[in-house]
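*Asks:* Here is how the chains run, residue by residue.
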Amino acid sequence: DTGVSQDPRHKITKRGQNVTFRCDPISEHNRLYWYRQTLGQGPEFLTYFQNEAQLEKSRLLSDRFSAERPKGSFSTLEIQRTEQGDSAMYLCASSPGLAGGETQYFGPGTRLLVL
Amino acid sequence: DAKTTQPTSMDCAEGRAANLPCNHSTISGNEYVYWYRQIHSQGPQYIIHGLKNNETNEMASLIITEDRKSSTLILPHATLRDTAVYYCIVRDPGGAQKLVFGQGTRLTINP
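Going down the list, the protein sequences come from chains U and L. Quick note, this note's numbering runs 638 ahead of the 1-based positions in the first sequence. Quick note, this note's numbering runs 1 ahead of the 1-based positions in the second sequence.
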C-alpha cells in the first residue's frame with residue numbers, strides 16, 4: 639500500500655493559463671475525492687467519483703473546473719483560465735467504498751499559486 | 002457547515018496526554034465521529050473513528066459520551082511531532098460522501 643499520490647506537488651502559473659493535476663488513489667480503492675484548501679481554512683469538498691462515475695459536484699466547482707476518472711483508476715483535475723482566487727492546496731483522497739469501508743485517505747496535495 | 006465545535010487552539014507538554022474535545026450535539030444515530038490531523042503543508046492524516054463505543058488504535062484513543070453529543074481524542078504520550086491541526090468530523094456513511102471540515106483545533110506540543 640503506497641498511499642495516495644499527487645502530481646505535481648507544486649505549480650506556479652500565470653493568470654489565464656490552464657493547469658492539470660493528477661491523483662493516483664490507493665490500489666483497489668473505488669472512491670476518489672477532490673478537495674480544495676485555502677490558507678487558514680479546512681479542506682472543502684469539490685467532487686467525488688465512484689469508479690469512473692462522477693457522482694457529486696460542489697457548487698465550488700465552477701465551469702472552469704473539470705475532473706475525470708476515465709478508467710476508474712487515476713483522476714485528473716483541470717482548471718481552465720486560472721484566476722488568482724484559484725490559488726490553494728488541491729487535495730485528493732480515496733476510500734475503498736461500500737463493504738471495504740468509508741475511511742478516506744488523503745494524498746500530500748498539489749499547491750497551486752496563480753500569479 | 003460543519004456539525005462539530007472544537008476549541009481553536011490547545012497546548013500540551015511533551016510526554017503528557019493530549020485530550021482534544023469535540024462537541025457534536027446534533028449527531029444522529031448512524032453518524033460516525035472521525036478524527037483527522039494535518040501537519041503543516043501536508044495532506045490530512047486519518048487518526049481514528051467510532052460510532053458508539055470507545056476506540057483505540059496505535060495512534061490514539063477516542064472516547065464518545067453515552068449520549069454521543071461529544072467526544073474526546075486522546076494522544077496518550079504527546080511528542081513534538083504531534084503538533085498539528087486536529088479535525089473532528091461527523092459523517093453519515095449512508096449519506097453524502099464528502100467530509101465537512103471545520104476550523105479544527107491547533108494543538109501545539111511544547112518541549
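There's no promise every hint is true.
[To be verified] Reference excerpt, derived from the structure (chain L facing chain U, CB under 10 Å, subset only):
hint, residue
1, A3
2, S29
3, G30
4, Y37
5, R92
6, L100
7, V101
[Stated by the list, open to error] Some residues of chain U that are not near chain L, with every Cβ distance over 10 Å (derived):
hint, residue
8, Q655
9, Q679
10, S696
11, T741
12, F744
13, P746
14, G747
15, L753
[To be verified] What follows is a set of in silico ranges between Cβ atoms, one per label pair, in the way DEER data are often shown:
hint, chain 1, residue 1, chain 2, residue 2, range
16, U, P708, L, N111, 41 to 51 Å
17, L, T57, U, G641, 15 to 25 Å
18, U, Q655, L, P22, 39 to 49 Å
19, U, Q722, L, Q43, 22 to 32 Å
20, L, I64, U, S725, 17 to 27 Å
21, L, M60, U, T640, 11 to 21 Å
22, U, T714, L, N111, 19 to 29 Å
Don't read these hints as lab results, they were simulated from the structure. Keep in mind the model is a prediction, meaning the values are calculated, not measured. We put the beta carbon where it would ideally sit given N, CA and C, even for glycine.
*Asks:* How about L:L100: closest beta carbon in chain U under 10 Å, or not?
*Replies:* Holds: closest Cβ of chain U sits about 6 Å from L:L100, inside 10 Å.
*Asks:* Is the Cβ of U:F744 more than 10 Å away from each Cβ in chain L?
*Replies:* 4 Å, violated
*Asks:* So is U:P746 really clear of chain L, every C-beta pair being over 10 Å apart?
*Replies:* Nearest chain L Cβ is 5 Å from U:P746, so the label is violated.
*Asks:* When the nearest CB of chain U is found for L:S29, is that gap smaller than 10 Å?
*Replies:* For L:S29, the interface hint is violated, since the closest Cβ of chain U sits about 16 Å away, which is over 10 Å.
*Asks:* Verify this label for me: U:Q679 is non-interface relative to chain L, using a Cβ-Cβ cutoff of 10 Å.
*Replies:* 8 Å, violated
*Asks:* Quick one: are U:Q722 and L:Q43 within 22 to 32 Å, going by C-beta?
*Replies:* Since the Cβ atoms of U:Q722 and L:Q43 sit about 24 Å apart, the hinted range of 22 to 32 Å holds.
*Asks:* Does the interface hint hold: is L:R92 within less than 10 Å of chain U, judged Cβ to Cβ?
*Replies:* 7 Å, holds
*Asks:* A cut-off of 10 Å on Cβ-Cβ distance, and U:G747 was said to be off the interface with chain L. Does that hold?
*Replies:* At about 5 Å from chain L, U:G747 fails to clear the 10 Å cut-off, so the statement is violated.
*Asks:* Would you say the C-beta atoms of U:P708 and L:N111 sit inside 41 to 51 Å of each other?
*Replies:* This hint holds: roughly 49 Å between Cβ atoms.
*Asks:* Taking the closest Cβ pair, is L:A3 under 10 Å from chain U?
*Replies:* Holds: closest Cβ of chain U sits about 8 Å from L:A3, inside 10 Å.
*Asks:* Does U:L753 clear chain L by more than 10 Å, comparing its Cβ with all Cβ atoms of that chain?
*Replies:* 20 Å, holds
*Asks:* Can you tell me whether the CB distance of U:Q655 to L:P22 sits inside 39 to 49 Å?
*Replies:* Holds, at about 45 Å.
The structure fails to meet hints 2, 3, 9, 10, 11, 12, 13, 14, 20 and 22 from the earlier list, while all remaining hints are met.
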